[in-house]
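Note that the protein sequences, when read in sequence, are chains A and E. Position 120 (the first sequence) corresponds to 120 in this note's numbering; numbering is contiguous. Position 26 (the second sequence) corresponds to 26 in this note's numbering; numbering is contiguous.
Distance ranges between label pairs, derived from CB positions:
#1 30(E) to 75(A): 15 to 23 angstroms
#2 29(E) to 100(A): 42 to 50 angstroms
#3 40(A) to 6(E): 19 to 27 angstroms
#4 100(A) to 92(E): 38 to 46 angstroms
#5 96(A) to 89(E): 28 to 36 angstroms
#6 99(E) to 52(A): 44 to 52 angstroms
#7 30(E) to 108(A): 40 to 48 angstroms
#8 40(E) to 61(A): 20 to 28 angstroms
#9 74(A) to 38(E): 17 to 25 angstroms
#10 91(E) to 3(A): 25 to 33 angstroms
Chain A regions said to be covered by chain E (calculated; three or more residues, Cβ under 8 angstroms):
#11 20 to 26
#12 89 to 96
#13 99 to 106
#14 110 to 122
Derived from the structure by calculation, the hints contain no laboratory data. For every residue, glycine included, the Cβ atom is placed at its ideal position computed from N, Cα and C.
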Amino acid sequence: MNNTYAWGAIALITLAATTGDVLLAYSMKRVGHVGEVWESHGLLGVARRILATPTFFLGVLAMAVAFYSLLFGLSWGNLSLVVPASASLTFVANAVAARIFLHERVGRRRWLAAVLVAAGVVLMAL
Amino acid sequence: MTFRKYLVLVGITVFSTLGDSLLARGMKDLGGASLHNIPGLLLAVLNPFVGVGIILLIAFFASYMSALSWADLTFVLPATSFSYVLVAVIARIRFHEEISPTRWLGIALISAGVGFVAVGPSSTTHHEREALEHEEVRS
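Bound-form chain A, shown alone (with noise of 0.2 angstroms):
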């Protein structure tokens, strides 16, 4: 029982987390090259353009969901379960998102990646 709560919980963080990164990375090219951006328009013109993207505010709330998610599943399952879990499938599920939401291109030098630092992620937590 406490089990299917633990993977409920890790879903709903990777599922939150994910939904976060691509949100915040969406934004982040919206808003422009950040050091340019710096250099023309000063410091303050950064915070104005990332003040001004919806969708920076929409993603640090679905971070914050993933945060809460991760504290409640912590509650119901080991630190050592729902902490792997969730990271190393955030990693391979970002690589999905990304090229669907974001048109990354992910070619097999990506794919392997992601998927070698989430098999590394389980394997340093075992």
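Got chain A sorted already, so can you dock chain E onto it with the hints?
Below, chain E without anything else, positioned relative to chain A:
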């Protein structure tokens, strides 16, 4: 990839690792935290470890946002996953924790993943290619 961009990626890795470690260290000082004790949680910022940890995590978020403004998500995430290795190394040096063979294998896999993605292009989206073309036209 310029030297400055590599510096931002290193910043993400180091800030998140140190920030998390300091936060964990500070929260241990405070004992069990709970959502029922909100004033206690707010006062946690006064602990120097927690305070510096939070500043470092803000620095992490700023450098992460900066990297996402010029690089793909599928580049930034694996490239900065080296923080998992860094945590193990810090635990080994600071707390003399043993690193088991399985963890060494994990370190090897993560490092390989970082290497794979780092030698490839940082951006594959339309946006960046357009920017590059503009630069070529200008020069």
